[in-house]
Amino acid sequence: MSSALPTSITSSRQNILVLCLAFISGFIIMAIELLGGRILAPYFGSSIYVWGSIITVFMLSLSIGYLTGGRLSLHNPRLTLYGSFFATAAALLFPLVFWGDAIMEAMFLRIEDPRYGSLVVSMLLFFLPTAVMGMIAPYSVRLLVMDHQRSGQIAGKLYFISTLGSALGTLATSFYLVLWFEVNQILLTMSVVLALAGALAITVGRNSKAAAPV
Amino acid sequence: MPKINSLLRILPLCIAALLPAAAQAQSGTLNTIHQEKSLYRNILVTEDDVRRCMRFTITEIGGQNQSCYFLDNPDKLVFPYAKMVLTSLLVQDNPQRILIIGLGGGTLVHTYSTLFPQAEIIVSEIDEAVVSVAEEYFAYKSTDKIKTVTEDGRLYIKRAGLRNEKFDLVILDAFNGDYIPEHLMSAEFFEEVKKLLPANGMVVSNTFSSSRLYSAESQTYAQVFGKIFNIRMANTGNRIIVASQQPLPDKATLEQRAAAMGDRLAKFDVKPAEMIQYIKTEPDWDTKERVLTDQYSPVNQLNN
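Listed in order, the protein sequences are those of chains V and P.
Residue numbering for the first sequence follows the numbering used here, starting at 1 and increasing by one per position.
Residue numbering for the second sequence follows the numbering used here, starting at 1 and increasing by one per position.
Simulated from the structure, these hints should not be mistaken for lab results.
Treat each hint with caution, since some may be false.
[Stated by the list, open to error] Here are the computed lysine to aspartate or glutamate pairs in the EDC-like style, where the Cα-Cα straight-line distance is at most 20 Å:
id: 1; chain 1: P; residue 1: Lys195; chain 2: V; residue 2: Glu105
id: 2; chain 1: P; residue 1: Lys147; chain 2: V; residue 2: Glu112
id: 3; chain 1: P; residue 1: Lys194; chain 2: V; residue 2: Glu105
id: 4; chain 1: P; residue 1: Lys288; chain 2: V; residue 2: Glu105
id: 5; chain 1: P; residue 1: Lys76; chain 2: P; residue 2: Glu274
[What the hints assert, rightly or not] These stretches of chain V come out as covered by chain P in the derived footprint (C-beta under 8 Å, 3 or more residues):
id: 6; region: 42-50
id: 7; region: 176-184
All C-beta atoms, glycine included, are put in the ideal place defined by N, C-alpha and C.
The shape of chain V in the complex, shown without the other chains (with noise of 0.2 Å):
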């Protein structure tokens, strides 16, 4: 690790960068979440279940990405690596755009009973980015932390933040987005949102790695 005093001076800036794309991730978690009924609807219905078998896997994919994220950030955390969740999680996202009517098809024909169905798959759609996005939470924590007695102040900023990102991910699509756009178009430009934000991420983090020794 890099010793405290030079790196101060930079880090409250990596620090607005780190809660900005927490943010972002928060609300394309909720966006993608909301819209998965809507994609899942054609196929098995708008029943309760349907619900269901999305929040499940939503909420089991963030556990595994919490728990991995954290692990992640155990050794030499650093922005490169956070800003490639935020790319993985981009490229994780194309195959529910472009594969996903084949998926659902197929699972469809398969299995019978509409609430395995539709939790087979929103496993198939949605753990993988679900997941690598939940890796960012515990991972920025790691990135903002300094000191350990403040530790559970920047965690509830962070949370803050990001579940505030949450919101109005959710607001924004059930009350405009999906009034303006498809769904595959909402998908692909958070696609490119996300992509965005790690390359921004992998820029600033050489950037400051190649200052460092200076």
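Keeping the supplied structure of chain V fixed, place chain P upon it in accordance with the hints.
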């Protein structure tokens, strides 16, 4: 003493004056005879002296009744929407296989099974509780001719298409005034419905759409089925969309059928000859409105 006497003389008059008012209040009393919360909604069964109704609201007043019947004559249709649905029989008068999406109190099932006792009727209702309330309070019964499936309508239709099933008549009655399931109002869904129709088949949809959704819904039907027509009466928020695989018969044929069917429909309080005027063949919507798809379905947002 004289005071009391005059009072005693007046008292019966007062009571006599108050009685009719009291009696009137009595006949107007609306009682909730059953209430339950299902997975999807609150279900109320209300009754006054005249009719019994199923409601998906919290309270007895305000909002809409889903289904009602007259206690003294269960055949007589209460709502204009049901009469408008029956008007579609002028277009195709002998359905032998009927699919109904959305049960409610089972009014349409009762009517069609009475009119066509040989017809096979399949009802897809998402809410198990609605089925049991219909059975208990609206004399609804599955028989060897009437089959009830507790399933989302879209799923039933998708699977029926895979099995190459055909229905002469598909009635979509899954909407209430407050919420429209988006996946039951998209071009892809209507394509799945169309697959179930034989050459003379027909879709009859009971909808409540207003404002921009009215146009979007009409455009979506028109894109999938080609020419469609509406049955609309004044004083009701409902409209019936009829999408037939065949063109609307000319006026003479309609009148001929109305005359032939008049007697059979009379017991349901439907006068087909009078209903002809409510069939509208010309588009009365904005034909530039965007078509609804599974990808673009802001159905409830457009309905405000």
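Outcome of the hint check:
1. P/Lys195 / V/Glu105: holds, 17 Å
2. P/Lys147 / V/Glu112: holds, 19 Å
3. P/Lys194 / V/Glu105: Answer holds: P/Lys194 to V/Glu105 is near 19 Å, not above 20 Å.
4. P/Lys288 / V/Glu105: violated, 32 Å
5. P/Lys76 / P/Glu274: holds, 17 Å
6. 42-50: Three-residue rule met by the region 42-50 of chain V, so holds; n is 7.
7. 176-184: n = 6 at 8 Å, threshold three: holds.
Of the numbered hints stated above, the single one contradicted by the structure is hint 4.
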